[in-house]
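Enquirer: Model the placement of chains B and C on the given structure of chain A, informed by the hints.
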Amino acid sequence: MTVPTSNFVILAAILFAIGAAGVLLRRSGISILLGIELMLNAANLALVAFGRQHGQLDAQVFVFFVMAVAAAEVAVGLALLVAIFRKQQSIDVDRLNVMRW
Amino acid sequence: MGTAVFYLVAAVGVVSAIAAMAHRNPVVNVLSLVVTLFSIAVSYALLGAEFLAAAQILVYAGAILVLFLFVVMLLGAPAEPDAGESRPFQRTAGLALAALAAAGGAAVVAAIHAAAPAGALRGTAQALGVMLTGEYLFAFEFISVLLLAALVGALVLVKRKH
Amino acid sequence: MSRGLYLLAPMISVTVALMTFIVIPFGAGGDITIFGARLGGLIVAPDLGVGVLWLLAVGSLGVYGIVLAGWSSNNKYSLLGGLRSSAQLISYELSMTLAVLGVLMASGSLNLEQVVARQGGQFWLGAIPQWNVVPQIIGCVVFVVAVFAETNRLPFDLAEAETELVAGYHVEYSSMKFAAFLMSEYMNMVTASALIVTLFFGGWTFPGMGRFSGWPLLVLSLLSFGIKLAFFLWLFVWVRWSLPRFRYDQLMRLGWKGLLPLATLNLVWVGVAMTMGWIR
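Chains as they are written, first to last, in this note's numbering: chain A, 148 to 248; chain B, 5 to 166; chain C, 27 to 306.
Only chain A is shown next, with the shape it has when bound in the complex (with noise of 0.2 Å):
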């Protein structure tokens, strides 16, 4: 019994929207990058059930790619967090009024 497409593309829209969500609401740093994570795994979930639709392995390979590119941008985005955090003690994104030092 194989679950449909739908119905995995449905709790990756719901799973999108709630990291999306999270992203425009939250103010820590640390809450805007896990939903910026939430929302390219809901894409990855997305693109492995067309994949399957479409009975094509080159989506798993491209999801294997946003993996490796999530990870890259998870370190830099966590050690721009830190370098902020010494400058002012604080990761709440509506206080990074400050470009220049």
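No lab work stands behind these hints, which were simulated from the structure alone. You may find that some hints are simply not true.
Label pairs and their calculated CB-CB ranges [unchecked claim]:
| hint | chain 1 | residue 1 | chain 2 | residue 2 | range |
| --- | --- | --- | --- | --- | --- |
| 1 | A | Ser237 | B | Gln94 | 16 to 22 Å |
| 2 | B | Ala153 | C | Leu261 | 37 to 43 Å |
| 3 | B | Leu159 | C | Ser200 | 37 to 43 Å |
| 4 | B | Gly80 | C | Ile154 | 51 to 57 Å |
| 5 | C | Met302 | B | Leu159 | 35 to 41 Å |
| 6 | B | Thr137 | C | Gln276 | 33 to 39 Å |
| 7 | B | Ala100 | C | Gly66 | 53 to 59 Å |
| 8 | C | Met209 | B | Thr137 | 41 to 47 Å |
| 9 | C | Pro233 | A | Val213 | 46 to 52 Å |
| 10 | C | Gln276 | B | Leu159 | 18 to 24 Å |
| 11 | A | Val213 | C | Gly240 | 47 to 53 Å |
The beta-carbon is built from N, C-alpha and C at its ideal position, and this holds for glycine as well.
Expert: Positioned in the frame of chain A, the structure of chains B and C alone reads:
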């Protein structure tokens, strides 16, 4: 059986995703996201992408979120300050945009209305490996350069200036 | 909320330690028929296509137990232990995975049953069994050292260094929760030893096994696996009483500047040797 597993996994995934975005404690956020990513890994397994399911746990749960947890602890788990000035416009706009994203996904689903394919597609490590080192070899090599660049960038960013 | 995490931490440790063993083959079935079913080989999850990837993936989750214990105890020694452990586990996971990769390349399969099958039955020069340890001695050494770090055993037990951190991440734990941490550490030791045996020392195979079949083969293969396993468990304990603890910067230097280049070297060597046809 697959359908029951899917609904269980989807429910767990959505609830923990909400906790990951809404809870005030950053450690709880990270841990809830681990649960969500686990449920996505199970979804991959249901879709026949067994290599991706293992890679999902290995890369996301095993490395990326540990990094998050590490940074949260390094910064002393900063609790988010109470919303000083409430921003009703921003909040409404954010929720509306999120709802729009969900509606877009639903619209896509309404448009495809296709049955699941009969032939099972198994994303084994071997099948993916052949594609990665064949058709996608250039992208595969390029990813390694990207990861190296990210590594150097992260080091430069966190290095203390003497 | 922290109380929930405090209770969750030992549960994660034990669960992860129990889940990793299922892909390790621990004996030959000997084609015996039990209750009408043919016994292929002794392994908990024989058809898991991802094989050793499962072990690496689930094993990498063990760090959550330690980090959470460190954080939720609300104690600076615990927190330091948890932080040290997370950095250590991520660092040594790389060398460990690279060392495993050499074996997987030589075996051409992620499935540990096939890794074992490839090492059994044949000999080099008529006497040396074709275990992976012979061509890949560097990989084996790197793997054993990395596994010591992964299980937080003594030369690398920075996460619970008594002289600096009282007891590290489990300083605030007592009774069954403390016991759960210790049990998971010892279960990890058994799994790690089983993995060393399976990847590099021929698993349950033993010289002269072609002469046996049926029940004798089953019993002898279990015995062979058990003896090799016991040897590496003994090695764990022996090293604990022989080597002093590393300093943290020494640990990081060994991981990144010592083991990682060696593991890469092993990988290159296996690739070259396979291309030239020296090992098949």
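Enquirer: Could you run down the list of hints and mark each one as holding or not?
Expert: For each hint, the structure was consulted:
no.: 1; hint: A/Ser237 <-> B/Gln94: 16 to 22 Å; verdict: 19 Å, holds
no.: 2; hint: B/Ala153 <-> C/Leu261: 37 to 43 Å; verdict: 41 Å, holds
no.: 3; hint: B/Leu159 <-> C/Ser200: 37 to 43 Å; verdict: 41 Å, holds
no.: 4; hint: B/Gly80 <-> C/Ile154: 51 to 57 Å; verdict: 56 Å, holds
no.: 5; hint: C/Met302 <-> B/Leu159: 35 to 41 Å; verdict: 37 Å, holds
no.: 6; hint: B/Thr137 <-> C/Gln276: 33 to 39 Å; verdict: 38 Å, holds
no.: 7; hint: B/Ala100 <-> C/Gly66: 53 to 59 Å; verdict: 58 Å, holds
no.: 8; hint: C/Met209 <-> B/Thr137: 41 to 47 Å; verdict: 42 Å, holds
no.: 9; hint: C/Pro233 <-> A/Val213: 46 to 52 Å; verdict: 48 Å, holds
no.: 10; hint: C/Gln276 <-> B/Leu159: 18 to 24 Å; verdict: 20 Å, holds
no.: 11; hint: A/Val213 <-> C/Gly240: 47 to 53 Å; verdict: 51 Å, holds
Violation of the numbered hints given earlier is absent; every hint is satisfied by the structure.
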